[in-house]
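Colleague: Protein sequence lines correspond, in order, to chains A and B.
So the first sequence is residues 1 to 417, counted in the working numbering.
So the second sequence is residues 1 to 172, counted in the working numbering.
These aren't lab readings, by the way, just hints derived from the structure by calculation.
The C-beta atom is built at its ideal place from N, Cα and C for all residues, glycine as well.
Keep in mind that a hint or two might mislead.
Unchecked claim - Reference excerpt, derived from the structure (chain B facing chain A, CB under 8 angstroms, subset only):
(1) Asn59
(2) Arg62
(3) Glu99
(4) Leu118
(5) Asp126
(6) Thr143
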Amino acid sequence: MQHLDEGTIHSWLDGALSADEAARVEAHLKECPECEAAVAEARGFIAASSRILTALDNAPRGVIPVAAPKKRVDPIVWRVAATLLVVAAGTLVVFRNGGREARIATTNADTGQSAITATSQNATTAVAPMAPTGDETTRMTAEPTPSLSKPGNSTRGTTNGGLQPSAGPTEKSAAKVGAANTSTPTSRALSAIAPPVVDRAEARPPASQPNIAARDDGKVAAPVGGAVTGNISTSSGDAGQAAPAQQTLSPMRLRGATALDVAGEQFSLKPVGHPRKLGVKVTLYEVAPGDTVTFTEPVSLQLDAVVVTGLGTERMAPQSAGKAAAPPVKRAAAAAAASAPDSQRPAQALEALAPAPSAPVPAARVEVENGVTTISWPDPTTGNVLTLSGHMPEARLQQIKIRIERERAAAAAKKKP
Amino acid sequence: MTDVERLFRTYNAALVRYLTRRLGDRDWAEEVAQETFVRALRQTSIQNERAWLFAVATNLVRDEARKDMRRRKHLALLAEQERDEMVEPEETTIERAQEAAMARKAVDALAERDRLALLMREEGLDYNEIAEALELSPGSVGTTLSRARRRLVESYEALQKSREEREKNAAS
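So that you can see chain B by itself, here it is in the shape it has in the complex (with noise of 0.2 angstroms):
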């Protein structure tokens, strides 16, 4: 196994997941992330791994860059791969699909810096690999973690309540 192929086993599941919630979209992520891993095959060494991949898919929807399409090939089998061996999610439901507009909403509501470090920190991120990918002092990640989570959390139940209302509304 090169050592790309071991990355991608080890981070892929995370960094799309992390991707996915922070584009909404999982061909983009799925996108991105591999071409993280191509980024990475790049690098001589690369010294957290971890921070390192976030920091530089980060940075790839930042700016979107150009892409490698002959590696992603490869890194699109094993994905492909992966998928197989997971087990599909049930079908989204209208209640389901609700709450994740809402979701979407309420994270779209964070500031930047404060989702990436949220996103960040559910994938299993420790405060020094967040301060490390998104340039931050060690110290602030938990103002900044705790921030986001207080501000997410209200607006999603923001977002819950006026719903609440104009269903009332419409039932009566």
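Okay, chain A solo, but in the shape it has when bound (with noise of 0.2 angstroms):
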């Protein structure tokens, strides 16, 4: 008999021979040692091809423009990713100074109305100097974009926008660049309830300067966190004074924080990353986009959970520089998490984690310091202290306690059988 073809072999490995054709082909493979080591090969060659066209699968979003979708890599991609760089270096030099003041302004405690109008007057002409673009994506905020299917779409059209202040490198419009950027995976996520991107990119970067404007009149802007832009939209809506940019900034902030407060389940609850922490496994979950939580679990006596902790080591390893040069402040420096790529997402919650309790308290026990909220529990099942901190009103961080709780749940369910 004849050789096998290659074909043929592929065919036979692939179960789409007939079940005569089958049996010759095995027939012919017990005496032919030349065709065992072709079939040989070719398992190789599956397998390995598989194994490539997995490597696939984590194909970017937003690559190509939707709308025209046959220009693949657009230049101004590179430029932004350029400006982005420029940018996360900034904003460190930046907040590593006026960092510590911002902090003070948004931890402290009561919402004075005066302090908020101001607030949101100061945003706005954070906004004006735009000229040009500001006016631009003013305009494209304000036709009610159908944008359910299509937020890479727009938020490619203010990345455009955005961009050309750039050249004339001022912080402030350069960061505007950064958010327009990344807040493409979370628009998608809230598209649901709004038409996304283009506000948001607004209503970022001037966050660390109504803080500061809130300080300066002596009275201060809410709790912390997702509240104070919250609280600062709701305000400047209802003042009913506002201008139309103005009109612009607050819908988005004002849905930001609804999606986040009030559905309580709606917000996203991305794991970004492991940091290497010795005895415990560490996963630094995004809450909302430049808002993370931390949340600590022991591993010592689990033989998976080692497993886990030491892949994700060796996959965080290249991204850990990229960590440590992350400005040190929370919420304040939401403009330059905003503007940082995902991988360098800062860490700043770890910062002021207490280290996990080797005994199990009975409860949940919750401590405050520096405006970020610890919360600490024994986990039902293993015992184990599990803790979890973030840079937020304890409320918010107890409905994200509730959810990890819940996906823990799920995912140990999923595994035992």
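Assembling the complex is the task here: the two chains are given apart, and the hints tell you how they should meet.
Modeller: So, in structure tokens, the structure goes:
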């Protein structure tokens, strides 16, 4: 009998031959070591090509503008990337110096209406100097975008618009570009609620400024974190004197806050990293752009957990440099965080992370220090003490805790069978 | 559940993966997949659903057809739900990004028919379905696949080798 051709071997391995043909192939293989070797090689090719194709599955989103998919990689992407790099470095410097003040402003208590008005005005003026570009983006927002399925598209518009001023490299406009760029993933999550992107891009960058303005006034904005932005936008909307630019600012902030606070379950809980720490598994979850919480669990006795940690450590290694370079202050650094690429998401919450106590505690314990809330509670199954901390009010952190517990329970249930 | 919803839930993941691998962009892939299901809506009967969907998606990629916004919105919502249920993959590290880039190059180097046959096979289509979707004779699918796999692996290995050499040169 003739040797088997490669096509027949692959068909046989893929189970595509009829019973007769398959029997013939098997009979031949018994007496032909050459063809047997060819089969081994074919198996190798099948496995290797599957593996190679799997590497394609992490394809980026929005590399190609949705409306005109034929243009592949736009040079603008590179310009944005370059701008991001500059901004990331710039904001690091700025927040090293100015960050502490801003944090004081954010973490202080009560909401003063006048302070808020001042804040929102400030925010408006912060946008205003953007003259031509600002107008353009505003117009884009004002038209109700049917953007549900095309967030990538509108982002692109903003990015284009926002990019021009970065030629004259003002901190603010550059940050704006960053925010516009990084907002894509979230905007998808939010798109069921609102046409997103553009306003968010506007809302982000001045974040540190309103806080400072509030402090100058002698009064201060809301407690912490997401609440600050939420409150600001609410009152500027309520005041009814909002200029058009201001209106484009506020709804998104409000919606963003609503998505997180009211809907509760709607926020994304995306693991963005596993900073290495001895004896514990640390997971950094991103709950909003630039807003992360740190979840810590001891791993000593669980073999699978150790393996996972090892894997995480190995994979994370190239990123640790980026993390170390990230700005140290949480909410005030929102603009910086938004402008940094995902992989460089700051790990500030780690700073204030209390080391996980070794003995189980009876119930959840809450500590607040420097505006960082930390909840510790025992794992119902293992008794290990779990810790969750983040720069946000306790209520919100509790919501996140519930969500994490639920996901852990779901993951555990999946593992068992 | 309407018929198109059933189709969507059954085949969307595979179709999007196939298209993502083919196009290198997840958004674009989802766009084309949704358009494919919109087309399925207009169809009164489909003999082999999977072969039909993959064939239509492949043709859509080819001729960039017009889109139906309204229906796609509904499907975008479904896709949103599905994404929420999915566990996000870990971040892409440099290493993995390099692997992906090499894989992309190696896949792009294949002839279109070889590439499509291979990508369809990876999504579980059998030889008859591949033959139907690509208008090939069933007998030639094995040959097509064997050629595609060999070339893919060989060009990937070549890329890997040249990368290693570059790194070695850079280090010395």
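Colleague: Now tell me, hint by hint, if it's right for this structure.
Modeller: Evaluation of the provided hints:
{"no.": "1", "hint": "Asn59", "verdict": "violated, 15 angstroms"}
{"no.": "2", "hint": "Arg62", "verdict": "violated, 12 angstroms"}
{"no.": "3", "hint": "Glu99", "verdict": "holds, 5 angstroms"}
{"no.": "4", "hint": "Leu118", "verdict": "holds, 7 angstroms"}
{"no.": "5", "hint": "Asp126", "verdict": "holds, 7 angstroms"}
{"no.": "6", "hint": "Thr143", "verdict": "holds, 3 angstroms"}
Taken one by one, the earlier hints fail for this structure at numbers 1, 2, listed in ascending order.
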